[in-house]
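If you read the protein sequences in the order shown, they are chains A and B. Just so we're aligned: 210 in my numbering is position 14 of the first sequence, and the numbers increase by one with no gaps anywhere. Just so we're aligned: 212 in my numbering is position 16 of the second sequence, and the numbers increase by one with no gaps anywhere.
Wrong hints could be hidden among the right ones.
Heads up, the list lumps identical chains together, so a pair's fine if it works in one copy or across two of them.
Straight-line Cα separation of at most 25 Å, PhoX-like style, residue types lysine-lysine; simulated pairs [said to hold, decoys possible]:
(1) Lys239 <-> Lys479
(2) Lys231 <-> Lys478
(3) Lys474 <-> Lys450
(4) Lys231 <-> Lys474
No wet-lab data here; the hints were simulated from the structure.
There are 2 protein chains.
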Amino acid sequence: MQELVRKALSGDTRSIARIITLVENESPYTEEIMKTLYPHSGKAHIVGITGSPGSGKSTLTDKLIHEFKEKGNKVGVIAIDPSSPFSGGAILADRIRMQKHAVDRNVYIRSMGSRGSLGGLSKSTYEAALILDACGKDIIFIETVGVGQSEVDIMKIADTVCLVLVPGMGDDIQIMKAGIMEIADIFIVNKADREGVERVVAEVKMALDLVQKRSWIPPVHSTIAEKGNGITELAASISNHHEFLSISTEGLEKRRNRLVTEVEEILQREIARFTEEKWNQKKTPELIDSLYSRNTDPYTVAGRILEEVLLEN
Amino acid sequence: MQELVRKALSGDTRSIARIITLVENESPYTEEIMKTLYPHSGKAHIVGITGSPGSGKSTLTDKLIHEFKEKGNKVGVIAIDPSSPFSGGAILADRIRMQKHAVDRNVYIRSMGSRGSLGGLSKSTYEAALILDACGKDIIFIETVGVGQSEVDIMKIADTVCLVLVPGMGDDIQIMKAGIMEIADIFIVNKADREGVERVVAEVKMALDLVQKRSWIPPVHSTIAEKGNGITELAASISNHHEFLSISTEGLEKRRNRLVTEVEEILQREIARFTEEKWNQKKTPELIDSLYSRNTDPYTVAGRILEEVLLEN
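With the rest of the complex left out, here is chain A (with noise of 0.2 Å):
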């Protein structure tokens, strides 16, 4: 393991791709692994691009992806697909225009499945994040599709929130208004040749002015994504923003913060699993049989198998 691991670390795209399915399928290997790249790590840009579906996230990465390869950096692109819980499949139409990208050695480009039943975003992105990030990419783009709980998880995981959104979908602005304000870090109106560009671009201003005052002060940006218009502009706002976080104490408080949610994850997923064994143990057709008639109830079934848990260990 530790040749692969050596390889990863001096930038084998082939090792890394190995170590990230190692990883994502929960190999016994994982602890191993990860404790040995950890000291590599932490010193990647973790940007976080996310919208709604049909906002043009996976274009927009796409140029990105471009514009700061060209500044020589090596670029790490973790794309996150709802997939079905019956198939376990990903939607992969969005990604194939990014497999340009694929031959060149400086980008590494993984779809991951929000697979989880535990815990919303795939447990798997943030081993994925730092994996990359031990193994020599200078920035790593996290785009995840749909609104709501992946969200709150990506800023976890990013130093650096883009949010996505487009002319013509008038929740976006309420859904906003409601939390993801805070937590964006920069603005992108894209397909920006639409009607009504203005108008969301100063209702995001206008929402921000409402928004408790932070030290950054989140830029709103114009995009066209599929025209490449507006791109080097708001790669500049990426690479301000990752300058700010360096020099800044609200930068340090949120490395900080990630390091706490990391143990927090690693906990959760390890007692989920013990839980997990337990019951499937304990479900049987005859204790279903009893809960539907209700002659027990969920409270009391979980109640004594949390019980032997943290006895029986």
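Please arrange chain B on chain A, whose structure you already have, making use of the hints.
Structure of chain B alone, referenced to chain A:
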């Protein structure tokens, strides 16, 4: 507490509201309340309404409330909002138009934030549905925003899942093909006065043909919720599916699986609570410092805490 529960069981709206608040805030009475209510549950028809932001879910739900109320049903609504991890706030704008039902004794509407860090959908959604069920609601609508994990989660709670689409949002079909296709029992193409409605209906039907055959063939409805068009037919489909579940093995399986999920949800929450408590005791600034300086790593720290949890208790 038993008096409050008794009044809620008799259908008293105020008592129901108070009980949901207690449970939502993780009152220590939760277990007692839920155990008392549980034997009275299992009768309501739980209907999930899901779809992208801007698809008109709230308007649709509003019309369905009216439709089912007219038929003499007691109606419950749980609207789940993406809320800020900071303010805990929820989007209420869409809810306002539902307020006219609020004075109605036979309709109970509850907005819930998707607060939780742990576990995707609001942890209290299941409890709120169970409370409304036990307290005599005949039909309960659960409305979720967003595409992704929440669809999967809602499926676990709902008897009948309605997926709302709109013409002109191409990515929806993509996402649907990837998995939500298999989740939905009823498809709704809303805003059917827009261009492209026939294409969306055709695409859904085509995609349904490719999906694994089930004994229930999901109908595809066109609606214009704003004008009330197609609502009666949709309501009939929802009732049909309920009827189907009550006589099919698929329905029995669904209810039994839900019981398994219920126990799992409780277990997860309890474990998370436990872990958090333990971690809060341990996470000193010094420990975070040594993580920050890479003198130790999250895996080592988590491993030590885990050991303590499993040995000490």
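Hints versus structure:
Only between protomers do Lys239 and Lys479 lie at most 25 Å apart by alpha-carbon distance; the minimum there is 23 Å, versus 46 Å within a single protomer. In this assembly of identical chains, the alpha carbons of Lys231 and Lys478 lie at most 25 Å apart only when taken from different copies (20 Å versus 34 Å within one copy). Taking CA atoms no more than 25 Å apart as the test, Lys474 paired with Lys450 passes between copies only; the shortest distance there is 22 Å, against 36 Å inside one copy. In this assembly of identical chains, the alpha carbons of Lys231 and Lys474 lie at most 25 Å apart only when taken from different copies (22 Å versus 27 Å within one copy).
Checked against the numbered hints given earlier, this structure breaks none of them.
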